[in-house]
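2 protein chains.
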Amino acid sequence: MLLSHMANQNRISLDTVFHALADPTRRAVVSRLGQGPAAVKELAEPHDMALPSFLKHLDMLERSGLVSSEKLGRVRVCTLHPEAFQTANTWIEEQKRMWERRFDRLDLLVTQLEKESGDVRDN
Amino acid sequence: MLLSHMANQNRISLDTVFHALADPTRRAVVSRLGQGPAAVKELAEPHDMALPSFLKHLDMLERSGLVSSEKLGRVRVCTLHPEAFQTANTWIEEQKRMWERRFDRLDLLVTQLEKESGDVRDN
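Order-wise, the sequence lines are chains A and B. Letter by letter, the first sequence follows residues 1 to 123 of the working numbering. Letter by letter, the second sequence follows residues 1 to 123 of the working numbering.
Rather than coming from a laboratory, the hints here were simulated on the basis of the structure. Hints may contain errors.
In this list, chains with the same sequence are indistinguishable; a pair is considered to hold if it fits within one copy or across any two.
[Said to hold, decoys possible] Each computed DSSO-like pair below joins lysine-lysine, with the alpha-carbon atoms no more than 27 Å apart: (1) K56 / K96; (2) K56 / K71; (3) K96 / K41; (4) K41 / K71.
Bound conformation, chain A alone:
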């Protein structure tokens, strides 16, 4: 029960993190926040779109856990949470380990076949 709840949470988090990164505006915001917190106005400035559209992108980033925002006086300031990348990174790394194991096995098989065909030729 607890494990299936955790797997579910993990799935939702992978869905929302990958979805958050699947857009150039959202990736640009993540890159900018990688250099330090910034006000919404400053974040929106380089993007040629209406503020409500930009706020929808920010909302998606907040729902993914990659970004949080806080009202300081009259200014809303956004902060990056790089640790939210971790599930996505871990998933990609797991896939790479699986392929590498598979290619190692294929390499071994090819080496064995080459050796056997060499043995056949030598006899």
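Assemble chain B onto chain A, guided by the hints.
Showing chain B alone in chain A's frame:
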């Protein structure tokens, strides 16, 4: 001109790869194909959905470049192309390097401030 075309291609590829990974069915297909090529029928089998819905997921994976398919006789066989992950992986790694540089600078600043406040206390 060429550079902006390349940047554009790269952006589209990041968009489609991250979007392809933002769904549990598509990630399950990627994991399965990491173990070797498989027929569409075999890939669809564990997923509780109508074949047309499943084919839409496959189409999205093909458009991202992560998967290709080929008709062998009467069977369509899918193959993974792990190299398509590379742009996504490179982007995440670049972000990590940026945060690390930023935290290194913050660490340095804290060390300097601690040293200076120590010097003040010592005098």
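Hint check results:
Taking the shortest Cα distances, K56 and K96 sit within 27 Å of each other only across copies (25 Å), while inside one copy they are farther apart (33 Å). For the identical chains of this complex, K56 and K71 are intra-copy neighbours only, at 17 Å inside a copy versus 42 Å across copies, given an alpha-carbon limit of 27 Å. For a Cα distance limit of 27 Å, the shortest separation of K96 from K41 across copies, 25 Å, qualifies, whereas the shortest one inside one copy, 39 Å, does not. For the identical chains of this complex, K41 and K71 are intra-copy neighbours only, at 13 Å inside a copy versus 52 Å across copies, given an alpha-carbon limit of 27 Å.
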